[in-house]
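Start from the sequences, fold in the hints, and give me the full structure.
Protein chains in written order, with the numbering used here: chain A, 14 to 125; chain B, 2 to 111.
Below, in silico cross-link-like pairs of lysine-lysine (DSSO-like), each with a Cα-Cα straight-line distance of 30 Å or less:
no.: 1; chain 1: B; residue 1: Lys103; chain 2: A; residue 2: Lys91
no.: 2; chain 1: A; residue 1: Lys70; chain 2: B; residue 2: Lys106
no.: 3; chain 1: B; residue 1: Lys69; chain 2: A; residue 2: Lys55
no.: 4; chain 1: B; residue 1: Lys56; chain 2: A; residue 2: Lys55
no.: 5; chain 1: B; residue 1: Lys103; chain 2: A; residue 2: Lys70
no.: 6; chain 1: B; residue 1: Lys69; chain 2: A; residue 2: Lys70
no.: 7; chain 1: B; residue 1: Lys2; chain 2: A; residue 2: Lys91
no.: 8; chain 1: A; residue 1: Lys96; chain 2: B; residue 2: Lys103
no.: 9; chain 1: A; residue 1: Lys55; chain 2: B; residue 2: Lys54
no.: 10; chain 1: B; residue 1: Lys106; chain 2: B; residue 2: Lys56
no.: 11; chain 1: B; residue 1: Lys103; chain 2: A; residue 2: Lys55
no.: 12; chain 1: A; residue 1: Lys70; chain 2: B; residue 2: Lys2
no.: 13; chain 1: B; residue 1: Lys2; chain 2: A; residue 2: Lys96
These are calculated hints, taken from the structure and not from any lab test.
Note that this is a predicted model, so its numbers are computed, not measured.
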Amino acid sequence: EPEVTQTPSHQVTQMGQEVILRCVPISNHLYFYWYRQILGQKVEFLVSFYNNEISEKSEIFDDQFSVERPDGSNFTLKIRSTKLEDSAMYFCASEDYNYGYTFGSGTRLTVV
Amino acid sequence: KNEVEQSPQNLTAQEGEFITINCSYSVGISALHWLQQHPGGGIVSLFMLSSGKKKHGRLIATINIQEKHSSLHITASHPRDSAVYICAAEEGGSQGNLIFGKGTKLSVKP
Numbered sequence: 014e015p016e017v018t019q020t021p022s023h024q025v026t027q028m029g030q031e032v033i034l035r036c037v038p039i040s041n042h043l044y045f046y047w048y049r050q051i052l053g054q055k056v057e058f059l060v061s062f063y064n065n066e067i068s069e070k071s072e073i074f075d076d077q078f079s080v081e082r083p084d085g086s087n088f089t090l091k092i093r094s095t096k097l098e099d100s101a102m103y104f105c106a107s108e109d110y111n112y113g114y115t116f117g118s119g120t121r122l123t124v125v
Numbered sequence: 002k003n004e005v006e007q008s009p010q011n012l013t014a015q016e017g018e019f020i021t022i023n024c025s026y027s028v029g030i031s032a033l034h035w036l037q038q039h040p041g042g043g044i045v046s047l048f049m050l051s052s053g054k055k056k057h058g059r060l061i062a063t064i065n066i067q068e069k070h071s072s073l074h075i076t077a078s079h080p081r082d083s084a085v086y087i088c089a090a091e092e093g094g095s096q097g098n099l100i101f102g103k104g105t106k107l108s109v110k111p
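Next comes the structure, spelled out in C-alpha cells:
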C-alpha cells in the first residue's frame, strides 16, 4: 500500500536554528498538507498546498514557516528561527480526492 | 468556528466488547474523518464520510448530518485496537483545514 514518508523521525535543534522537515507524498496525489501536534494537545492544521502553491493556511502558519515542493516529489516544511514552543510532532499528509487522506508517521521536533 | 467534541475521553473495554465513540460538531461540514493514532504517534486514516455509514472490517462509522453527530463503532474489540481515535471535521470550501477533536483513548484489555 502506498505510503507518505517523513524524514527525519526525530529532530533536535537549538533555539533560533532553522529546520527543514521532509515529506514524500504519494505520487499521484495532488493535495498536500502539514499538521502539528504539541504534546498532549489536539492536532492542528498548518497549511494546504496544491498546484505548487499554498491554497490555505492557519493563523499558526506565520512568516516563520514556509513550504515548498522543490523537485516534484519532496514536500518540505521549513521553520526559520525555531522557538521552544515549536516543539511538536509534525505530520505531513496527502490526499486523493476519491480515497481520502494518507498521513505520514510524523517528525518529532524538539527545540532546546 | 467549528468545534469538534468527542466522548468519552477515555474508554477501557474487555476484549470482545462492542465499542462506540461519539463525535459532534457545531457547523456544517463537507466531510467527517475518523483517524487512529497509535502510541508511537503515527496517524492512520480510518474513514472519510459525508453521509450515511461506512464499514471496514470490524469498524463502522456513521454520520447524521442533521444532528451534526458521528459515531465510530468497533465490534468484537481486540487489544490491538488500543489507540487514540480522533474525529476531524472538514468544512465546506476548505481543503485540508481539518478541525480535530481531542481524541478518545481506548484501551482494550485481554
